[in-house]
Amino acid sequence: MGALSIRNVKKSYGDTHILKGIDLEIDKGQFLILVGPSGCGKSTLLNMIAGLDDISSGEIAIADRVVNKLSPKDRDIAMVFQSYALYPNMSVKKNIAFGLEIRKVPKAEQEEIIARVAKTLQIEHLLDRKPSQLSGGQRQRVAMGRALARNPTLFLFDEPLSNLDAKLRVEMRTEIKLLHQRLGTTIVYVTHDQIEAMTLGDRIAVMKDGEVKQFGSPQEIYDTPANLYVAGFIGSPAMNFIPVQLGEEGGHAVVVLDNGSTPQSVRLGPISEAQRAFVGKQVILGVRPEQLTDPESAHSDRTNLQSLQATVAITEPTGPDTLVTVTLNGVKTVARCHPRAAGHPGQAVTLVLDPTKALLFDPASEKRLA
Amino acid sequence: MAELAYHQTTGAKVARYVIYAVLIAMVLFYLAPLFVMLSTSFKSLDEIRTGNLLSLPSSISFDAWRAAWSSACTGIECGGMAPYFSNSLKMMIPAVLISTLVGAFNGYILSMWRFKGSDTFFLLLLIGTFLPFQVIILPMAQVLGMLEIEDSTTRLILVHVIYGLQFTTLFFRNYYVTVPGELVSAARIDGAGFFRIFFKILLPISIPTIMVCLIWQTTQIWNDFLFGVIFSSGDGQPITVALNNLVNTSTGVKQYNVDMAAAIIAALPTLIVYAIGGKYFVRGLTAGAVKG
Amino acid sequence: MTAASQGAPGFSLSRFADTILPKLVIAPTVLACLIGFYAFIGWTAWLSFTESRLLPRYEWAGFVQYIELFGNDRWWTAMQNLAVFGGLFIFFGLLIGLVMAVLLDQKIRGEGAIRTIYLYPMALSFIVTGTAWKWILNPGLGVEKLLHDWGFTGVVFDWIINPDFAIYTVVIAGIWQSSGFVMALFLAGLRGVDDSIIKAAQMDGASLPTIYTRIIIPSLRPVFLSAFMILAHIAVKSFDLVMALTGGGPGFATDLPSIFMYQHGFTRGQLGLGAASAMMMLFTVAAVVMPFLYSELRRERRG
Numbered sequence: 217m218g219a220l221s222i223r224n225v226k227k228s229y230g231d232t233h234i235l236k237g238i239d240l241e242i243d244k245g246q247f248l249i250l251v252g253p254s255g256c257g258k259s260t261l262l263n264m265i266a267g268l269d270d271i272s273s274g275e276i277a278i279a280d281r282v283v284n285k286l287s288p289k290d291r292d293i294a295m296v297f298q299s300y301a302l303y304p305n306m307s308v309k310k311n312i313a314f315g316l317e318i319r320k321v322p323k324a325e326q327e328e329i330i331a332r333v334a335k336t337l338q339i340e341h342l343l344d345r346k347p348s349q350l351s352g353g354q355r356q357r358v359a360m361g362r363a364l365a366r367n368p369t370l371f372l373f374d375e376p377l378s379n380l381d382a383k384l385r386v387e388m389r390t391e392i393k394l395l396h397q398r399l400g401t402t403i404v405y406v407t408h409d410q411i412e413a414m415t416l417g418d419r420i421a422v423m424k425d426g427e428v429k430q431f432g433s434p435q436e437i438y439d440t441p442a443n444l445y446v447a448g449f450i451g452s453p454a455m456n457f458i459p460v461q462l463g464e465e466g467g468h469a470v471v472v473l474d475n476g477s478t479p480q481s482v483r484l485g486p487i488s489e490a491q492r493a494f495v496g497k498q499v500i501l502g503v504r505p506e507q508l509t510d511p512e513s514a515h516s517d518r519t520n521l522q523s524l525q526a527t528v529a530i531t532e533p534t535g536p537d538t539l540v541t542v543t544l545n546g547v548k549t550v551a552r553c554h555p556r557a558a559g560h561p562g563q564a565v566t567l568v569l570d571p572t573k574a575l576l577f578d579p580a581s582e583k584r585l586a
Numbered sequence: 016m017a018e019l020a021y022h023q024t025t026g027a028k029v030a031r032y033v034i035y036a037v038l039i040a041m042v043l044f045y046l047a048p049l050f051v052m053l054s055t056s057f058k059s060l061d062e063i064r065t066g067n068l069l070s071l072p073s074s075i076s077f078d079a080w081r082a083a084w085s086s087a088c089t090g091i092e093c094g095g096m097a098p099y100f101s102n103s104l105k106m107m108i109p110a111v112l113i114s115t116l117v118g119a120f121n122g123y124i125l126s127m128w129r130f131k132g133s134d135t136f137f138l139l140l141l142i143g144t145f146l147p148f149q150v151i152i153l154p155m156a157q158v159l160g161m162l163e164i165e166d167s168t169t170r171l172i173l174v175h176v177i178y179g180l181q182f183t184t185l186f187f188r189n190y191y192v193t194v195p196g197e198l199v200s201a202a203r204i205d206g207a208g209f210f211r212i213f214f215k216i217l218l219p220i221s222i223p224t225i226m227v228c229l230i231w232q233t234t235q236i237w238n239d240f241l242f243g244v245i246f247s248s249g250d251g252q253p254i255t256v257a258l259n260n261l262v263n264t265s266t267g268v269k270q271y272n273v274d275m276a277a278a279i280i281a282a283l284p285t286l287i288v289y290a291i292g293g294k295y296f297v298r299g300l301t302a303g304a305v306k307g
Numbered sequence: 008m009t010a011a012s013q014g015a016p017g018f019s020l021s022r023f024a025d026t027i028l029p030k031l032v033i034a035p036t037v038l039a040c041l042i043g044f045y046a047f048i049g050w051t052a053w054l055s056f057t058e059s060r061l062l063p064r065y066e067w068a069g070f071v072q073y074i075e076l077f078g079n080d081r082w083w084t085a086m087q088n089l090a091v092f093g094g095l096f097i098f099f100g101l102l103i104g105l106v107m108a109v110l111l112d113q114k115i116r117g118e119g120a121i122r123t124i125y126l127y128p129m130a131l132s133f134i135v136t137g138t139a140w141k142w143i144l145n146p147g148l149g150v151e152k153l154l155h156d157w158g159f160t161g162v163v164f165d166w167i168i169n170p171d172f173a174i175y176t177v178v179i180a181g182i183w184q185s186s187g188f189v190m191a192l193f194l195a196g197l198r199g200v201d202d203s204i205i206k207a208a209q210m211d212g213a214s215l216p217t218i219y220t221r222i223i224i225p226s227l228r229p230v231f232l233s234a235f236m237i238l239a240h241i242a243v244k245s246f247d248l249v250m251a252l253t254g255g256g257p258g259f260a261t262d263l264p265s266i267f268m269y270q271h272g273f274t275r276g277q278l279g280l281g282a283a284s285a286m287m288m289l290f291t292v293a294a295v296v297m298p299f300l301y302s303e304l305r306r307e308r309r310g
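Chains as they are written, first to last, in our numbering: chain A, 217 to 586; chain B, 16 to 307; chain C, 8 to 310.
Check before you lean on any hint, since a few could be wrong.
[What the hints assert, rightly or not] List of simulated lysine-lysine pairs, DSS-like, C-alpha gap at most 30 Å:
id, chain 1, residue 1, chain 2, residue 2
1, A, K424, A, K226
2, B, K215, A, K323
3, A, K424, B, K131
4, A, K310, B, K215
5, B, K105, B, K294
6, A, K424, A, K244
7, B, K131, C, K206
[Said to hold, decoys possible] What follows is a list of derived Cβ distance ranges for each label pair:
id, chain 1, residue 1, chain 2, residue 2, range
8, B, V33, C, I222, 20 to 30 Å
9, C, G119, B, I220, 19 to 29 Å
10, A, S254, C, V37, 27 to 37 Å
11, A, T336, C, V37, 46 to 56 Å
12, C, V37, B, I39, 43 to 53 Å
13, C, A34, A, L394, 30 to 40 Å
14, B, A47, C, P170, 24 to 34 Å
15, B, S248, C, E75, 27 to 37 Å
16, A, L394, B, F214, 35 to 45 Å
To be clear, the hints were calculated from the coordinates, so they are not data collected in a lab.
Just so you know, these numbers come straight off a predicted model, no measurement behind them.
For glycine and all other residues, C-beta sits at the position ideal for the given N, C-alpha and C.
Start from the sequences, fold in the hints, and give me the full structure.
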């Protein structure tokens, strides 16, 4: 029972291909995130789900019903917009009621729904105001209220938090997540913010240039990114990419990391078939900053941690940790260290690397060597 | 700090006096014709001959106004400006309302419901705002003749609507492109259709643009002379044509006081509109001209 | 593609309405525009290549009307008048408008009232303006008499009936009517100049006049351009003002192409010649407008 199926959906304007064949499928109650840089086609895809954009080819089904030819109002969806799109001439109450009125919901029932939604979103005291009298966060709530009132099969969110300030954004993020857990609604949510994607989604589709680069759970995408793009896009600070030559030693992958004065051999996890084909060739080693740290901060239960020496180039304290930039194989590499172990620019530090988490990528195809 | 310094020096003080002097001189320049018209209209012909432009009337006489309104001769007819004033009203009101409503719809479509070719059409319309009307009046006269539309008022309404649409469409289109399209998307998802979105959501937030459009069209149509002189005839002429006929009638003694009273009568409606809606009038002028 | 059309549920009325209704509603305007502007221009162009006189005839006659037009002294007088009138009208319109705007931008007390007064002539019909100035410039009773009463008894101010000077009276009345509007345009432009630029220039020690001449006024380029366009456009179309003020006279001294066109096309039964002169007016406007439209469109595309 698919709540939303997108099958080989394409969108083009003449020779410009905005979407190049998208396949996605989610179940009822799931929270799907479409994430990617601007221009990747995520908003276009959302608009096509909503019926605001035409589908060039392929098929979109909502609750197992193909909606390609249906107008937005017949798709049983609701949408929250980036600009909130509240009707400026109507009160908050009218805004929420508008869709219900058009659908000829009886007056008494309308009142009931408005009261319930207002309570859920804690906007009861705002019902008689005009949108211009509301703060950004309040508008956001009203926009969500308008969507909730309709109780549709599918909720669509188009970068709903991007117009809020940083603090409010985190608050609303939590609230959206709570709402989703409580109401069990199916949501498609577009964002360019990878943190929003990770925190909110059950399923994430990382998009770029009109293609889905990877579709999976947040943890899958974080731990086993399919390619260099996804690896670099998700995670902050971004994953380090270090060019290395791949070797093999006793069934393990081995790489050499040069800190500028001494080359040090580092033993990674057991080598896979895919990786073995690259032995003796250049590959890209992907290491997240938190997997490269000072010995004390490292998980003590890990036995095969690999240590290496490097010289501190710059330190950036974030509070809980300090980001230490060192140079390995000629590229700037960020390690996440305990503030006490961070050292000073010019100092030598010992870092340890978790070999089981390190990833290898083919520099030509940019795919991960699984 | 720097700004303060400008005001402190004596040089700057003198400069400010000069500025005010120039500005006031220009105020007089702009007001003088209105003053002359008014004072002349209240004088008797004798006083006009003995006094000068700036001399005030010794006593206020409304004779010229009465004559201008109901008995002055415009060519052969001698019924004053009254019938032509009403002609202009009868032509202006429907033409303004129709062109504004249609322009609002056009602007709504050209911004919120774009289709293949709609941008090209807008460009074609935009070019229309630059055309000298001389290039279309000959065929227009032919077509009006072929359609056998004899009534001057009907003819003028038709012509003013057709050649006002480019401006009204421009006003509304330029306003609606500043309205987020998401508003229309939200309404569509809420289930509203083409007309409901227009009347319930966009029109209520368009009051300033509607004002600009109404005022612009009112002044344009009331003040028009070219279409009036070409497409109307006899007692169906608008007031501008009548005024021109009155002033340039060569029979009899030239009654300058009547001319001036008639000119003020012809100017009054647009002056009132300007006095009431000056803010929108200026916005219309600049928007109609500069666009955007 | 096939999947989409096969899998789709039947015909959806509201979807149909979404695509058809807008086109249906705008159709009359499209029709009015295409016929009222473009077909009519074509029609006028066709007439200009015929020997139409009192009634339109549609047999091709080549360039006869244009040959006649270019051999017509009155046409050249009209064009020459247009050049004189247009040049002075635009130049002084821009100059007065700009100076007024800059002066008004100096935190002037009563700015609102002054602005209102500068702009009210724009609400008047050119016929009214012409009527008023015709009276003011009346050689026996107007300004000349005023000057005589003031003691300047020798002064002769009869421009309006003097064939060599009559065109300048049109310029004066035109500027009186339009310069306030140019002022409003420039003032809007001045108010749009980024404050921080002015502050930065003050930090650099620039004097107020320097700031205006070197920074602010050059940044008003687009306003100059559109003000120029509008004034040029008014000049070419100018018809009512001359009709009311001088009637094209004395003689043909203040004849303009628009009047030439009107008289030949409508009162003298020279349709073909009228059409040819209308086409020439179109080309004149196009020569002025095209560069502007082009730059405007390029800006729109970039923006």
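Hints, one by one, checked against the model:
1. A C-alpha spacing of about 14 Å is found between K424/A and K226/A, which places the hinted pair at or below 30 Å, so the restraint holds.
2. The hinted pair formed by K215/B and K323/A meets the criterion: a straight-line CA distance of about 19 Å does not exceed 30 Å.
3. Using a Cα cut-off of 30 Å, the hinted pair K424/A and K131/B holds, with the two alpha carbons roughly 27 Å apart.
4. Our distance criterion of 30 Å between C-alpha atoms is met by K310/A and K215/B, whose separation comes to about 11 Å.
5. With a CA separation close to 26 Å, the supplied pair K105/B and K294/B stays within the 30 Å bound.
6. The straight-line distance between the Cα atoms of K424/A and K244/A is roughly 26 Å, inside the 30 Å bound, and the hint therefore holds.
7. Distance restraint check for K131/B and K206/C: the Cα-Cα separation of roughly 47 Å exceeds the 30 Å cut-off, and the hinted pair is therefore not satisfied.
8. Distance hint check: the CB atoms of V33/B and I222/C are about 22 Å apart, consistent with the given range 20 to 30 Å.
9. At roughly 27 Å, the beta-carbon separation of G119/C and I220/B lies within the given 19 to 29 Å, and the hint holds.
10. Roughly 35 Å separates the CB atoms of S254/A and V37/C, a value that falls within the hinted 27 to 37 Å.
11. For the pair T336/A and V37/C, the supplied restraint of 46 to 56 Å holds, since their beta-carbon distance comes to about 48 Å.
12. In this structure the supplied range 43 to 53 Å holds for V37/C paired with I39/B, their Cβ-Cβ distance being about 51 Å.
13. With their beta carbons about 50 Å apart, A34/C and L394/A fall outside the hinted range of 30 to 40 Å.
14. A beta carbon spacing of about 26 Å between A47/B and P170/C agrees with the range 24 to 34 Å that was offered as a hint.
15. A C-beta distance of roughly 29 Å is found between S248/B and E75/C, which places it inside the suggested range of 27 to 37 Å.
16. Between L394/A and F214/B the beta carbon distance is about 38 Å. The supplied range of 35 to 45 Å therefore holds.
Checked against the numbered hints above, the structure violates hints 7 and 13; every other hint is satisfied.
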